[in-house]
Amino acid sequence: MKITPRIPDEKVNYGHYSHFVEFLWLAGTVALCVAGVYFAAGLCVDWIAVRIPQEREAEWFPSGTYASAFSNESVSESAKVQSLLDKLRANTVEVKLPLRAYVSSSKDPNAFAVPGGAIIVTQGLLDQVQSENELAMVLGHEIGHFVHRHHLRGIGRGIVTLFLSSLLGLADGAREVADLSLSASNLNYSRSQENSADDVGLEIVQKTYGNVHAATDFFERMSQEDPKLPGLRYVSTHPLSAERVLRLNLIAKEKGYPVAGAVVRW
Amino acid sequence: MIEIVIFLVFLGVGYGAGTYNERRHLASLREREASSVNLPVLSLKQYDPNREVVEATLVTGSVVVSIDYFKRVASMLRSYVGGRIASCETLVDRARREALLRMKEQAAGYDLVINSRLETSSIGGESSKKKSVVSIEVIAYGTAIRYRT
Numbered sequence: 245m246k247i248t249p250r251i252p253d254e255k256v257n258y259g260h261y262s263h264f265v266e267f268l269w270l271a272g273t274v275a276l277c278v279a280g281v282y283f284a285a286g287l288c289v290d291w292i293a294v295r296i297p298q299e300r301e302a303e304w305f306p307s308g309t310y311a312s313a314f315s316n317e318s319v320s321e322s323a324k325v326q327s328l329l330d331k332l333r334a335n336t337v338e339v340k341l342p343l344r345a346y347v348s349s350s351k352d353p354n355a356f357a358v359p360g361g362a363i364i365v366t367q368g369l370l371d372q373v374q375s376e377n378e379l380a381m382v383l384g385h386e387i388g389h390f391v392h393r394h395h396l397r398g399i400g401r402g403i404v405t406l407f408l409s410s411l412l413g414l415a416d417g418a419r420e421v422a423d424l425s426l427s428a429s430n431l432n433y434s435r436s437q438e439n440s441a442d443d444v445g446l447e448i449v450q451k452t453y454g455n456v457h458a459a460t461d462f463f464e465r466m467s468q469e470d471p472k473l474p475g476l477r478y479v480s481t482h483p484l485s486a487e488r489v490l491r492l493n494l495i496a497k498e499k500g501y502p503v504a505g506a507v508v509r510w
Numbered sequence: 014m015i016e017i018v019i020f021l022v023f024l025g026v027g028y029g030a031g032t033y034n035e036r037r038h039l040a041s042l043r044e045r046e047a048s049s050v051n052l053p054v055l056s057l058k059q060y061d062p063n064r065e066v067v068e069a070t071l072v073t074g075s076v077v078v079s080i081d082y083f084k085r086v087a088s089m090l091r092s093y094v095g096g097r098i099a100s101c102e103t104l105v106d107r108a109r110r111e112a113l114l115r116m117k118e119q120a121a122g123y124d125l126v127i128n129s130r131l132e133t134s135s136i137g138g139e140s141s142k143k144k145s146v147v148s149i150e151v152i153a154y155g156t157a158i159r160y161r162t
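Protein chains in written order, with my numbering: chain U, 245 to 510; chain P, 14 to 162.
In case anyone wonders, no lab produced these hints; they're calculated from the structure.
Heads up, the beta-carbon is just placed ideally off N, CA and C, and yes, glycines get one too.
Heads up, a few of these hints could be off.
Computed Cβ-Cβ distance ranges for the label pairs, DEER-style [said to hold, decoys possible]:
#1 P/Met14 x U/Ser318: 47 to 53 angstroms
#2 U/Arg295 x P/Met89: 34 to 40 angstroms
#3 P/Leu21 x U/Ser436: 42 to 48 angstroms
Chain U with its partners taken away, still in its complex shape:
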């Protein structure tokens, strides 16, 4: 047996290749997949949000816990607004969760529905309200968003994660995701969502008072263009124009809601 001295060929175990190029390829592939999932989740948000039943929502967002996340100012409960909300809710069959009312100390007139069944109105809005009828319309509008599950859209992609984790039975992690996603949410509704919420609001007012007198007064006042009026801030989150008021009047006429009635003082 003969031994031939030979220098081993190093290229067998590692051919000359570039670490850098391989890294770029890997990073690119992984980034592409992540971007794809993110994008797909964004598309799913609308589809999923509308299909989440109220019971599931109550599980993920214990009532009232997240009210503060949606308002930059402090929130407090208000017996007066709560009693009005309860009165309206009694006339709405579709609401299965207890709705809690909160008042935010913000001076901008605004109202929004929060996942978990809380409805927040700002002090600025209460200052502008001149009758119980119009406040009932505003609250009814928010109840409309709640019933149609529009407010869950605001959480965005977090809702997809919640939905998937509930499907897979991982309930615990859901709570943390709910916390995270609520801190960066965005409550802009599309026009059709606003319209359907309006319809529900009008119907609630009709059922509660027997007429829709003065229901749209608040919107009419807010839509008058005067930048100095605090109403402009309301307009920016609830894009409205005279169209909205006209539309509501038309629907009242179509459905035969009596327009004449008494103004209930707030």
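Could you slot chain P onto chain U? The hints should help.
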């Protein structure tokens, strides 16, 4: 934001240092392999049964290597996609060659090394939790023998 910058800095340092080390090590390996080519290393239990063995001694060479940050990130990304982790392949191959060369250095003056084996073990990998430094130790060992002249 600052975390991303730190990450990129580490990545750059890892890549730069790693490439520099690799090139330097490869040059050293080639040179030493060429100069020690006349000392054969075999994994056979005996080479020439007709000749008398005058001296025999155990020789070992060992080396501990660790991956740099760049390689670590690359292997992590690779773990999603699967396939050859070429960045670690080069490292382990160099470690093996280095261990063998160190064993040969211990066997200087002998005729050849028989019954040589290579063993690899990881250090700090399993004992501590996942985030520890992963390094491996390669040992080459064999019997250096001298025949009667």
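Cross-check of the supplied hints:
Separation of P/Met14 from U/Ser318 is about 30 angstroms and departs from the stated range, judged on CB atoms against 47 to 53 angstroms. Here the CB-CB span from U/Arg295 to P/Met89 is close to 36 angstroms, well matched to the stated 34 to 40 angstroms. Range check, P/Leu21 to U/Ser436: Cβ separation about 45 angstroms, and the 42 to 48 angstroms hint holds.
Violated hint for the displayed structure: number 1, the only one.
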